[in-house]
Amino acid sequence: MRLADLSSTELDKQLCGAGLVLGVGPFAFRIKSPIESVHEGLHRLYSNYPLLRGDQFADFDVTVAGGRGVRRWWRPQAIFRFDGGEPFLPLPFTHAFPLLEWAMNWCVSMHVQRYLLLHAAVVEKHGLAMILPAPPGSGKSTLCAGLIHRGWRLLSDEMALIALQGDLVTPFGRPVSLKNQSIDIIKAYAPEAVFSPTVHDTHKGDVALLKVPTDHVHRIAEPAKPRWVVFPKYAAGEEACLTPRSKAQSMLELGRNSFNYMVLGRTGFVGLSRVIDASDCYDFRYSRLDDAVAVFDQMVADSVVA
Amino acid sequence: MHHHHAVSEKAAPSLFRLSSPPSLHWASWGDEYVVFDEASGQTHLLDPIKAYILDVLSGGNADVLRLTLLLEKALSVPAHVNSHEVVLAALEQLERTQLVEAVPL
Amino acid sequence: MTDSTTLSNETTTEPIAPESMARRSMLLRSVGKGSAVLAAASLPVHTLATSPTIVIQGKTDAKGLGIRCSISGMQSGMGSRIQASSTCTGKSPGYWHKPNHWTQSQTAVIRASSPPTFNSFFGPPTTSNGHYTLEQYLRTIGDAYPGQIPGLNNTDDWHWIAAWMNAMANGSSGIQNFPYTAPQIVQMYRDPGSFVPGTQSIAEKRAVALNFLKLIEGTAG
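Residue numbers (my numbering), protein chains in the order written: chain A, 1 to 306; chain B, 1001 to 1105; chain C, 2001 to 2221.
Each hint should be verified, as a subset may be incorrect.
Claimed, not checked - Straight-line Cα separation of at most 30 Å, DSSO-like style, residue types lysine-lysine; simulated pairs:
hint	chain 1	residue 1	chain 2	residue 2
1	C	2205	A	247
2	A	233	C	2205
3	A	187	A	247
To be verified - Simulated coverage check for chain A against chain B, where a stretch passes if three residues somewhere in it have a Cβ under 8 Å from a Cβ of chain B:
hint	stretch
4	246-256
5	269-281
Since the hints were derived computationally from the structure, they do not count as laboratory data. Given the structure is predicted, the values throughout are model-derived calculations rather than measurements. Glycine included, C-beta positions come from ideal geometry on N, C-alpha and C.
Bound conformation, chain A alone (with noise of 0.2 Å):
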């Protein structure tokens, strides 16, 4: 069952009662939320993703509340909880669903030690996977919204979760934050894409969601093996670039770029240098994303030829 199969009145109850679980690659999540725009968000952007039964394990319990009090309806607010508490501050009440996004990062960012995680985005074709670490700041989520319009599917945005035996990247692929230009820059690139509405003043100025298209969300149980690591950096008005770095300092840089590597100690370590091991490691300077295609397409062709 998805959750385009409830009715409105459906969601709505189960959001604002016992909870909606709603699967997510590896996860469950358990939501419960009274605020209008997070049941629209998740209808919108999230239609297409399993649901699970309400009395089925859910691994995280995720609330999006409103404020208590006068901040009910002065400068209302959205709240967070979790476990019984509030992990962050308030924001306003129009923030409630990237709220919802933000929240879902943390569940996973503090609590999985089953994957290794990076601060990474994954995308994949002809069975190869590319991961793309890349700090704030330097164009990975627009570049990565811009390669799952062209033939690239994608395993993740933010997150890659790489597996403790063997080395495949489990797939956690959900809505691509898009902040500011990008968003006008995707709606261009990819005019069939569907977003969220925007969210403007947070505090990283406007941000608007972008939906999974649907075939990758029907494919988000299916593991790739990694081939490359790609450091992208967006320079304007650069020709593409692609330039190899090395391993061992890929490997390092990417454990920088990791949520719980330095928890993970010894198994971490494996992990993360049996994907080095498979992977060719580039740094990658452009300015367009049509460059990038074709660069990455090459790629694909190269390797599948060899």
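Given chain A, work out where chains B and C should sit, using these hints.
Here is chains B and C on its own, set in the frame of chain A:
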């Protein structure tokens, strides 16, 4: 080939060892070596010389002179190079990362 | 163990493990390249240090991925694993506008007989407002006083000074586990490359470092 080992006044013939019981795990690609030290939870990137020294010490304590001779033999170090200084410099960096330590006298 | 002046074969206390043999023979092949490899021996070891991107209680980065405090434990020695649940806190710059919030050690620096300016204290690089003193930055808001320069709040300089204040006051005023010492804050400003890994420019790295420090502001009760 005779190597001249310039030994500074301060250099003591110290014995070196790994800082913690053997708990090192290795990965390598080409000339680069990545070592994970389970005791500290740290991950380090090493050049071949430091990797070699660390590896020797993994097999047991060694003094600077022995490390120097082993290195010269293994790597055909050119005569003009003061391999003793190379070993001392490498040991200093390994000490700083707390991978190795001098054995107290 | 005695000195060995001649060595015809290696003697070790344990048999050499097969992977170690393979590793050593790889080293033999690589060092044909000579002096570059030998020179590398004296360079510092490159150590992985987690980037400050996870959770501080109550604060998140743009994607809700939070900030896990990195205890400045790279230098503090063995066994200092990052604790997943560590929190670190600091005060917002606005807190520091009252001199009666300042600690003795902060006051000693700020009101030294020759009061330091931003440029003299942090620089290089210098900034356009950096000829003003630390006190003028700190007290740019709040009660008027002779020498007050309004409008310095919300500048990057102001945030750097706040970070330094937090580092100096670590362990008091509700500030705990502030991840850097006061000298490290200054060093972070002057040489951000020593704290921020990656291939960005120095100015970008300085901005990354400051963003991290800003995220810790205002988290102390």
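Broken hints, by number: Of the numbered hints given earlier, the structure breaks just one, which is hint 3.
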